[in-house]
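Undergrad: Turn these sequences into a full structure, and let the hints steer you where they fit.
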Amino acid sequence: MSSASKSLAKLVKDIMTDKESGKAITLSFWRLQNPVILSHLEEFAAAPEWTDKDDRHRVLDEVHRLFININAAMWEQEVKLWPRLKDAKTPDDASNDDVAVVFGGKYASSPLSVSETLVRHLSGSCSKVYTVSRSVVDNVPSSVIHIPTTKLDEDPRGTDDFLSVLEDALKERAGSSSSGGKMSVYFTLGQHKGINPFLRNVHAATNFANALKRVAPQLQSVGSLFKVVLTGTDATLPSTHPDAQVIIGEDKVTVPTYKISPYNFVYAMSKLCQFYIVADAIVDIFGDGRRATLSNELKHAIQKMRAHIVAAGEDGAYHEDDEDGVSMEELDEISKKWTDIRRELDAHLKVAEHISICYTPLHAKPWTDAAFVKCEDESDGSPRAYVLQQIVRRLKNAISNEQAARAHF
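If you want the working numbering, it's the position in the sequence shown, counting the first as 1, plus 8.
The set of hints was computed from the structure by calculation and includes no laboratory data. Don't take every hint at face value.
To be verified - Straight-line distance between alpha carbons at most 30 Å, and here's what the computed DSSO-like set of lysine-lysine pairs gives:
| no. | residue 1 | residue 2 |
| --- | --- | --- |
| 1 | K345 | K190 |
| 2 | K312 | K260 |
| 3 | K61 | K235 |
| 4 | K88 | K201 |
| 5 | K312 | K201 |
| 6 | K88 | K31 |
TA: What follows is the structure, given as structure tokens:
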């Protein structure tokens, strides 16, 4: 038995014996009862170990294939057994847009990410879908127009790229045979790794909001048929949010809540800042005098969060002794207020909720890179074991890309 197989067996045994020992069981227990998921993990563990001589692109492709297989098995499990999915609308029921725009997404015949899964659904239900990402994409369906750009999260150059796409989409809707159809704009941009990821999140939302305001008259003419949909994350839930409890079969299962915490503090803040920035634009475009107080509250919160994010740089942790920044209690309050703000702006703004951990390329690359750097300390010298540890440890609250994509509808 390989080192990776031994490591996986121990991880699985520890999780599966929680019930016997009287410990609270999490979604990991339920996930690993699925023989398809377990089989995919075991097959990956049993494959020949990677070495420094292996091509990293080939290794990454292997992790991507594992993610595709796990996601498919997780969705099959969810749609059959997860209570809150029983009444979920299908994308075709919920969408039927005349025109859709996806910032941060592209079409893929075999989707790897949440946004690619989202685009796949929209391409089958919309007359036209504009996708915008860093990638150059060929062989897309006739309903899809892809625009490659690297500037969306650059300050302030990204505004023009957002604006150009919005103008094209509005012209497409106005000139189409069914110009009375809906127009939905999906903002899926969010970074938590790389160079200045938190500030880039703020820049992307600022550029998007500025572009929205520059086409305000056209959006006002679309009226109630226009909506912005933001990709949310449970990381923005208050730090005091309780763990969820669900009944699956005869088992009471705990779903540990992904929420604001000391280790993801600035990332969570940057996502909340995105929400507030876009909400402020929606108030400017569709609001009236009665919303002046709301606009002032939004701007005040944005100013505080932006200043903290700029000062933090790439340090995403919470520092209790930082007297000049946003405190944990303040960010919790900003998070709680967002619930009321979202409800007030519901006609034109939605956040895809209940998105925790998903297995996507955003995780595949850093986990694969780290596997070769940290294998000696983390997993008895086995890069495969390191990747498996990252996957299995997150099964406790992970959801499929399919479920996350459908949360947008």
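Undergrad: Take the hints in turn and mark each one as holding or not.
TA: Cross-check of the supplied hints:
Between the alpha carbons of K345 and K190 the distance comes to roughly 29 Å, so the proposed pair stays at or under 30 Å and holds. Taken as a hint, the K312 and K260 pair is broken in the structure, with Cα atoms around 41 Å apart against an allowance of 30 Å. Between K61 and K235 the CA atoms are separated by roughly 49 Å; this puts the pair beyond 30 Å, and the hint is violated. Simply put, K88 and K201 have alpha-carbon atoms about 34 Å apart, too far for the 30 Å limit, and the pair is violated.
For a cut-off of 30 Å, the pair hint linking K312 to K201 stands: about 22 Å separates their Cα positions. A hinted pair counts as satisfied when its Cα atoms are at most 30 Å apart, and K88 with K31 qualifies at roughly 26 Å.
Checked against the numbered hints above, the structure violates hints 2, 3 and 4; every other hint is satisfied.
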